Amino acid sequence: MSKSQRDRLQSILLHLVLTPLAIIWVFPLWMMAVFSTMPDHGIFSPDLQLWFSDQFIANITNMQADTDFVHALSVSVGVALIYTVLSVFLTSMAGWALARYEFIGKPIVIAIILGTITLPYFVVVIPQFVMVARDFRLSNTWIALIVPPLFNSLGVLFMRQAFSMMPADLFDAARVEGVKEWKIYLHIALPLARPTIAALSIILFLASWNNYLWPLLIATDRSMFTAPVALGSLIGLTKVSWGGIMAGAVLLTAPMLVVFVLLQRHFIAGIAAGAIK
Amino acid sequence: MAGVALNNVVKNFGSVEIVHGVSLDVTDGEFVVFVGPSGCGKSTLLRMIAGLEDISGGDIDIGGKMVNDVEPADRGIAMVFQSYALYPHMTVEQNLSFGLRMNGNDKADTARRVANAARILQIEPLLQRRPKQLSGGQRQRVAIGRAIVREPQVFLFDEPLSNLDAELRVQMRVEIARLHKELGTTMIYVTHDQTEAMTLADKIVVLRDGIIEQVGCPLDLYDDPANQFVAGFIGSPKMNFMAATVVASGNGSLTVELDKQGRARLAAPLQGAVPAVGSKLTVGVRPEHFGAAGAGGTDIALDIDVAEHLGSTSYIYANTGSGEQLVIEREESRHVVRGVGASASIDAGRVYLFDITGKRLR
Ligand SMILES: Nc1ncnc2c1ncn2[C@@H]1O[C@H](COP(=O)(O)OP(=O)(O)OP(=O)(O)O)[C@@H](O)[C@H]1O
Ligand SMILES: [Mg+2]
Numbered sequence: 001m002s003k004s005q006r007d008r009l010q011s012i013l014l015h016l017v018l019t020p021l022a023i024i025w026v027f028p029l030w031m032m033a034v035f036s037t038m039p040d041h042g043i044f045s046p047d048l049q050l051w052f053s054d055q056f057i058a059n060i061t062n063m064q065a066d067t068d069f070v071h072a073l074s075v076s077v078g079v080a081l082i083y084t085v086l087s088v089f090l091t092s093m094a095g096w097a098l099a100r101y102e103f104i105g106k107p108i109v110i111a112i113i114l115g116t117i118t119l120p121y122f123v124v125v126i127p128q129f130v131m132v133a134r135d136f137r138l139s140n141t142w143i144a145l146i147v148p149p150l151f152n153s154l155g156v157l158f159m160r161q162a163f164s165m166m167p168a169d170l171f172d173a174a175r176v177e178g179v180k181e182w183k184i185y186l187h188i189a190l191p192l193a194r195p196t197i198a199a200l201s202i203i204l205f206l207a208s209w210n211n212y213l214w215p216l217l218i219a220t221d222r223s224m225f226t227a228p229v230a231l232g233s234l235i236g237l238t239k240v241s242w243g244g245i246m247a248g249a250v251l252l253t254a255p256m257l258v259v260f261v262l263l264q265r266h267f268i269a270g271i272a273a274g275a276i277k
Numbered sequence: 001m002a003g004v005a006l007n008n009v010v011k012n013f014g015s016v017e018i019v020h021g022v023s024l025d026v027t028d029g030e031f032v033v034f035v036g037p038s039g040c041g042k043s044t045l046l047r048m049i050a051g052l053e054d055i056s057g058g059d060i061d062i063g064g065k066m067v068n069d070v071e072p073a074d075r076g077i078a079m080v081f082q083s084y085a086l087y088p089h090m091t092v093e094q095n096l097s098f099g100l101r102m103n104g105n106d107k108a109d110t111a112r113r114v115a116n117a118a119r120i121l122q123i124e125p126l127l128q129r130r131p132k133q134l135s136g137g138q139r140q141r142v143a144i145g146r147a148i149v150r151e152p153q154v155f156l157f158d159e160p161l162s163n164l165d166a167e168l169r170v171q172m173r174v175e176i177a178r179l180h181k182e183l184g185t186t187m188i189y190v191t192h193d194q195t196e197a198m199t200l201a202d203k204i205v206v207l208r209d210g211i212i213e214q215v216g217c218p219l220d221l222y223d224d225p226a227n228q229f230v231a232g233f234i235g236s237p238k239m240n241f242m243a244a245t246v247v248a249s250g251n252g253s254l255t256v257e258l259d260k261q262g263r264a265r266l267a268a269p270l271q272g273a274v275p276a277v278g279s280k281l282t283v284g285v286r287p288e289h290f291g292a293a294g295a296g297g298t299d300i301a302l303d304i305d306v307a308e309h310l311g312s313t314s315y316i317y318a319n320t321g322s323g324e325q326l327v328i329e330r331e332e333s334r335h336v337v338r339g340v341g342a343s344a345s346i347d348a349g350r351v352y353l354f355d356i357t358g359k360r361l362r
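The listed protein sequences derive, respectively, from chains A and B.
Just so you know, the first sequence maps onto residues 1 to 277 in this note's numbering.
Just so you know, the second sequence maps onto residues 1 to 362 in this note's numbering.
These aren't lab readings, by the way, just hints derived from the structure by calculation.
Note that the coordinates shown come from a computational prediction; the quantities given were computed from them, not determined experimentally.
Be careful, since some hints might not be right.
[Claimed, not checked] The list that follows gives simulated cross-link-like pairs (lysine-lysine, PhoX-like), each with its CA atoms no further than 20 Å apart:
1) B:Lys238 to B:Lys359
2) B:Lys107 to A:Lys183
3) B:Lys181 to B:Lys203
4) B:Lys280 to B:Lys260
5) A:Lys180 to B:Lys107
6) B:Lys359 to B:Lys280
[As the list claims (entries may be wrong)] Just so you have them, the derived chain A footprint on chain B, three or more residues with Cβ under 8 Å:
7) 72-82
8) 85-99
Built from N, CA and C at the ideal position, the CB exists for glycine as well.
Using the sequences plus the hints, can you model the full thing?
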């Protein structure tokens with residue numbers, strides 16, 4: 001068998017395995033899209049519907065009437081944007097300090113940061129809620145939605161890795177030129193870490209966008225609902241508006257898919273940057 | 001303009017002492033080269049002068065002022081790194097002007113300095129490119145340009161040419177020499193390449209394991225090395241070292257027997273203290289100081305392994321079997337071929353004697 005024949009066979013085998021997997025993965029997304037176009041009763045019709053119906057606009061309109069979804073979306077976008085910018089800024093500064101400076105207790109600091117990664121979120125969330133809601137009385141505020149999840153240990157380690165792989169000579173050269181430390185960080189380190197920052201931003205934005213538990217706990221007032229919480233509120237005691245939920249889910253998912261596809265190249269470059277060398 | 005003085009400078013990394021009390025004077029406008037094998041502390045010393053490493057002991061003066069606790073930027077120095085350390089996301093022009101811009105230097109003055117540096121280094125056509133779009137030699141020029149723009153009192157170079165290929169290296173070497181002539185600024189240059197040291201330096205500082213072995217102008221080090229290490233380090237091909245035993249002494253001369261070169265005897269001039277008969281020492285002969293057989297002096301039989309003919313000169317590698325390979329440089333010797341039968345003579349007046357600790361006997 002020649003090399004090209006072998007390559008071809010390999011490719012066929014690969015497709016035989018991967019195609020069913022891809023279908024399985026895409027199926028729920030597909031069904032979400034299909035259900036979002038059906039009236040509530042259509043979803044429960046005995047024969048499974050695999051193709052779109054025509055109720056999308058109606059579902060959206062109903063949902064908007066029930067939840068003020070547009071407002072919730074704007075809260076989600078605001079929270080996710082502010083959160084991402086602040087978190088990138090904070091985690092990269094922490095990563096910079098850990099990569100660049102020697103200070104007493106540095107190994108302990110790193111150990112603690114690593115330690116917080118291993119803590120399951122559910123262990124943190126109750127005390128965090130008690131602290132933020134009861135002690136600080138910050139329920140239904142932007143601060144409560146944005147600040148508590150800000151410190152992202154994975155992000156810190158990610159940024160630290162990116163900075164420590166940059167040649168130290170670059171920073172020394174700038175130091176000899178009399179460039180202040182924060183300007184070195186701002187004008188050299190950050191621009192060079194762009195792929196990592198792009199990847200981290202996507203991860204942080206998605207995390208905030210998809211976050212359900214924390215906003216559910218801390219935003220009890222309709223005016224502070226994020227989009228997932230608003231959708232969740234459609235699950236009523238007596239009636240569950242699946243058409244509306246699915247339509248909302250489509251609205252939540254679609255922009256993320258687009259963003260991810262557009263930034264995929266950066267994303268993979270950023271992740272791989274930590275792996276090679 | 002400024003000179004540099006090191007007084008008993010020490011550097012520890014943790015508990016390990018890397019630089020052991022180095023003292024040195026660099027006068028204003030001088031071109032000083034630190035040379036030594038890998039790991040001897042050249043970069044560390046240079047980085048201490050730059051202020052990038054703390055000084056564990058002693059002090060450093062630049063321009064007559066003690067700078068131990070002065071920030072790198074305020075020492076009046078500029079440094080060129082082995083890795084070039086160009087900012088990859090900036091154009092050449094931005095690279096050159098970065099430090100000045102960040103410090104709020106006057107725009108017109110910055111532009112003037114950048115233009116001047118670009119002119120001196122002939123990189124004007126490259127100003128809008130990024131480092132990735134430059135060749136190694138061009139990157140090196142930009143790195144030097146970034147130093148020139150600072151208009152420093154002292155230039156520090158850390159192996160600036162070691163990433164270039166041989167031809168470019170020679171070319172850039174000449175340019176750096178020209179730059180020194182043109183600017184007249186003090187330059188301290190680190191290399192482990194003795195040819196660079198010989199060709200560039202007003203003064204060479206030979207370092208080994210964190211101490212200075214010898215300081216002097218290139219030809220003085222070549223003609224009159226203080227010890228076996230310097231003798232072996234300066235000069236290419238290396239000086240030949242032969243184990244020898246003292247067999248007689250007296251009247252300002254010392255007669256030794258070359259242990260591994262057919263027990264040939266030679267009587268070398270010696271003014272200083274005379275070692276006892278029977279003691280061991282090392283005889284050094286530079287490759288170009290061997291004469292033709294029968295030219296007077298001591299003849300040594302050669303078993304030639306390889307003869308390299310470079311045209312004007314030939315390098316003859318002989319007597320490897322004795323455990324002490326000799327390298328002989330000859331002009332007009334194209335006929336020499338592999339095999340036994342030939343001999344070469346050593347002029348006893350041109351040999352160097354070293355005791356077993358490597359100290360020069362004069
Ligand atoms: N940050 C450091 N921590 C510990 N030891 C170090 C550090 N930097 C250098 N050293 C040690 O100091 C010694 C001298 O290093 P240095 O870089 O000055 O050598 P060098 O003469 O420049 O060598 P080369 O020609 O390879 O560049 C080496 O043994 C090195 O291992
Ligand atoms: Mg070095």
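* Looking back at the hints listed earlier, which ones does the structure fail to meet? -> Per hint list: zero violations.
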